[in-house]
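**Q** This is what each chain is made of:
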Amino acid sequence: MATRLNNLLRGLWRAARRISGDDGYERYLTHHAAAHPGAPALSRREWFAHQQQQKWSGIKRCC
Amino acid sequence: MKTTISSLLLWLGVALLGAAAVGGIALNRGESINALWFVTAALCVYAIAYRFYAAWIAATVLCIDATRATPAERLDNGRDFMPTNRWIVFGHHFAAIAGPGPLIGPTLAAQFGYLPGTLWILFGAVLGGCVQDMVTLFFSTRRDGRSLGQMARDELGSIGGIAALIATFLIMVILIAVLGLVVVNAMKHSPWATSTVAATIPIAMLVGLYMYKLRPGRVLEGSALGVILLLLSVAGGGWIDQQAGLRELFDHPGLPLAFAVIGYGFAAAILPVWLLLAPRDYLSTFMKLGTVILLALAIVWMRPEIKMPALTQFVDGTGPIFGGALFPFVFITIACGAISGFHALIASGTTPKLLSNERDIRMIGYGGMVLESFVAIMAMIAATVLDPGVYFAINSPAGVVGKTAAEAVATISAWGFPVSVEQMNLLAQQMGEATLFARTGGAPSLAVGMASIFGSAFGQGMLAMWYHFAIMFEAVFILTTLDAGTRVGRFMLQDLLGNIWQPMGRTSWYPSVLFSSAVVVAAWGYFLYIGVIDPNGGVNILWPLFGISNQILAAIALCVATGILVKSGKLRYAWITALPLTWLVVITSAATWQKLASDDPRIGFLAAANSMAEKLAAGALPPDKAAVAPQLIFNLRLDAVLALFFVALLWLIVIDMLRVCARHLQGRRVPPLSEAPHYPTQLEEAWQRD
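In order, the protein sequences belong to chains A and X.
Going by my numbering, the letters in the first sequence line up with residues 1 to 63, in that order.
Going by my numbering, the letters in the second sequence line up with residues 64 to 753, in that order.
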């Protein structure tokens with residue numbers, strides 16, 4: 001019972017991190033390791049700066 | 064066989080319940096009707112449309128292919144192209160398409176009664192808006208996530224591409240001006256609202272610093288901090304409102320507030336995104352989702368009675384909030400929530416780059432718009448649970464009902480919607496405001512409606528808190544749209560200017576950034592300024608212009624889709640987009656015609672300009688009005704030119720689309736289909752494990 005509740009809460013927390021982009025850096029590292037093995041990855045701050053710049057260079061919000 | 068029969072019975076039940084609810088809403092006269100009927104009608108209509116119409120379009124018309132690799136899979140770069148879980152994509156797509164539009168349009172259209180707006184929101188969405196969003200998403204997905212403008216150029220020719228670009232830029236200018244006006248009207252002479260809205264700016268910056276410098280990328284921590292601070296700022300605004308020395312600092316008439324919004328817009332457009340825009344967007348998304356869910360729960364929990372009649376006498380065009388008869392103006396006033404061209408810009412370009420499988424297109428494209436339509440239904444409920452007298456007193460501009468409270472209530476009561484000065488004063492006092500008269504624009508009446516629903520669900524003692532929470536919530540995402548829209552306008556302008564003089568096209572060259580931002584801000588700032596000095600409230604002019612431009616963008620998207628369907632040999636299914644397109648052409652052309660040719664100065668731009676010019680020449684205007692009259696006259700003529708330009712753009716692209724279709728059917732040369740080749744997906748297995 002306790003483990004099931006625990007799993008549920010973990011699942012919800014993962015979903016919240018995923019949908020808000022909180023886990024974006026970890027996912028970037030996974031992608032980077034798979035796609036460009038050996039190449040140095042961006043730091044957390046560099047990655048966030050890149051990601052923000054990119055996100056807001058197109059039409060992202062509407063009426 | 065058994066499951067088929069039980070599912071048949073289930074859907075028969077949904078159909079009967081939906082028909083009963085829609086019929087009940089439509090045929091009810093004179094008795095008050097419960098808001099739950101609106102919710103029931105909406106949910107049944109959406110369920111049937113999603114289960115049958117959307118599924119049929121996906122399977123038979125578009126031939127969705129789950130084995131085909133999407134651009135997200137083929138071009139995966141871990142940044143913008145990235146296969147993503149469909150619920151996550153749904154969340155992002157909905158957050159992007161749902162702004163303040165579906166809250167404001169229905170509130171204004173409630174002047175015709177609850178029925179016309181409700182029916183248009185329901186059927187306009189399932190037959191028009193949802194189809195537009197879904198087919199645009201599909202076609203863009205099949206074209207490597209290309210934007211609407213690029214698709215128009217590839218599939219129809221350069222005329223379509225240029226028309227889409229110009230329409231997008233102009234709609235942005237009008238949209239930002241009208242949204243700015245809504246915020247200004249909500250803050251006018253309200254220290255509580257003004258101080259709360261002002262506080263959202265440093266709060267967003269604080270969150271930006273937190274997410275960028277202190278704890279980079281910790282989006283949830285930063286947002287939680289910001290939401291708590293925003294709630295505190297609502298309470299803090301109430302405290303400021305009580306402090307004799309402080310409240311005057313935030314007590315301003317419309318014009319200085321408009322200049323503050325314009326200055327803010329410029330600053331926001333040139334500041335780095337991480338400092339203001341990005342963090343405020345996180346906050347506004349959380350606020351938006353939270354408030355929409357809370358409102359839905361409160362409506363189901365409280366089951367409020369609708370007090371507005373089904374139809375009012377204003378269907379004849381004499382309405383106080385905006386002039387113009389039911390046809391075509393209810394269809395123009397409610398754009399977002401029924402059909403919104405802006406969505407085509409999100410459905411092409413942004414969302415398709417995240418789709419992991421074509422199967423998800425129905426849920427994200429069609430389903431996302433269904434949810435936005437439901438938000439519009441809730442806004443309609445919030446506007447119509449108010450006493451009609453109160454609704455009109457809040458929304459009617461002083462130029463129509465009279466400057467003093469006594470004049471206003473006399474006019475409104477004479478229309479058959481009884482309201483008294485005492486009632487309005489009590490309401491203003493409960494909401495913590497000095498007055499609620501002439502708060503044109505939709506935000507304050509929506510906030511009063513939401514406050515009364517929330518108040519009865521979660522405690523009456525907090526009415527003023529709920530009211531200012533609702534104002535803050537609307538302001539936060541109006542300001543996000545204002546900032547994001549200015550930035551997009553700036554990029555488009557820089558792109559354009561870059562063709563003339565190369566350095567202007569560099570998005571990071573500071574002189575170019577300053578210049579193009581200033582041009583964009585000046586463009587919407589001009590319309591905002593005119594809207595504020597207009598004694599008829601500005602909304603009367605700006606909102607229809609916005610509706611027309613938004614639906615012309617929708618018509619462009621539907622033109623592109625119809626052209627692609629015909630060119631793909633699906634002429635017999637082309638009606639799914641051609642029918643809503645025809646309707647949009649009819650309503651936007653009719654509305655523009657009336658805006659140009661009507662003799663009624665409250666409807667026709669030119670009639671208004673001429674009547675004002677005559678009065679000015681005869682010296683019949685009081686000095687304060689005479690001073691601004693030349694500017695208003697110029698603006699009315701400019702608006703007439705603008706409306707004519709919009710509709711000319713529309714006809715140009717419709718004729719261009721028909722030309723391409725006719726050539727294709729005659730077997731002559733047309734631009735070839737630009738669909739990307741088919742590659743089988745490799746994702747399926749990996750995805751099922753996720």
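Source of the hints: derived by calculation from the structure; they are not laboratory data.
Predicted model only: the values in this text are computed from it and were never measured.
A portion of the hints provided could be inaccurate.
Said to hold, decoys possible - What the simulated footprint calls covered on chain X by chain A, stretch by stretch (three residues with Cβ under 8 Å from a Cβ of chain A suffice, anywhere in the stretch; the number is not a length): (1) 156 to 170; (2) 331 to 345; (3) 409 to 417; (4) 546 to 552; (5) 690 to 697.
Claimed, not checked - The calculated EDC-like cross-link candidates involving lysine to aspartate or glutamate, where the alpha carbons are at most 16 Å apart (straight line), are: (6) A:Lys55 to A:Asp22; (7) X:Lys276 to A:Glu46; (8) X:Lys466 to X:Asp143; (9) X:Lys370 to X:Glu94; (10) A:Lys55 to X:Asp450; (11) X:Lys370 to X:Glu311.
To be verified - To list a few chain X residues with every Cβ distance to chain A over 10 Å, as calculated: (12) Gly141; (13) Trp150; (14) Leu642.
We put the CB at the ideal spot given by N, CA and C, even for glycine.
**Q** Look at each hint and say if it fits the structure.
**A** Consistency of the hints with the structure:
Requiring three or more residues with a Cβ within less than 8 Å of a Cβ of chain A, the coverage given for the region 156 to 170 of chain X holds, as 5 such residues are present. Residue count for the region 331 to 345 of chain X with a Cβ under 8 Å from a Cβ of chain A: 6. That meets the three needed, and the coverage hint holds. Counting residues of the region 409 to 417 of chain X whose C-beta lies closer than 8 Å to any C-beta of chain A gives 3; at least three are required, and the coverage claim holds. Coverage of the region 546 to 552 of chain X by chain A holds. Counting CB-CB distances below 8 Å, 4 residues qualify, and the rule asks for three or more.
Requiring three or more residues with a Cβ within less than 8 Å of a Cβ of chain A, the coverage given for the region 690 to 697 of chain X is violated, as only 0 such residues are present. Between Lys55 (chain A) and Asp22 (chain A), the direct Cα distance comes to roughly 15 Å. Compliance with the 16 Å bound is thereby established for this hinted pair. Proximity of Lys276 (chain X) to Glu46 (chain A) is assessed by CA-CA distance (about 11 Å); at most 16 Å being required, the pair is judged to hold. The suggested pairing of Lys466 (chain X) with Asp143 (chain X) is violated, with an alpha-carbon distance near 53 Å, which exceeds 16 Å.
For the suggested pair Lys370 (chain X) and Glu94 (chain X), the alpha carbons sit about 9 Å apart, so the restraint of at most 16 Å is met. Between the alpha carbons of Lys55 (chain A) and Asp450 (chain X) the distance comes to roughly 44 Å, so the proposed pair goes past 16 Å and is violated. With a C-alpha separation of about 37 Å, the suggested pairing of Lys370 (chain X) with Glu311 (chain X) is violated against the 16 Å cut-off. With a minimum CB-CB distance of about 4 Å to chain A, Gly141 (chain X) fails to clear the 10 Å threshold, and the non-interface call is violated.
At roughly 8 Å from the closest C-beta of chain A, the C-beta of Trp150 (chain X) falls inside 10 Å, breaking its exclusion from the interface. Non-interface call for Leu642 (chain X) relative to chain A: holds, since the shortest CB-CB distance, roughly 24 Å, exceeds 10 Å.
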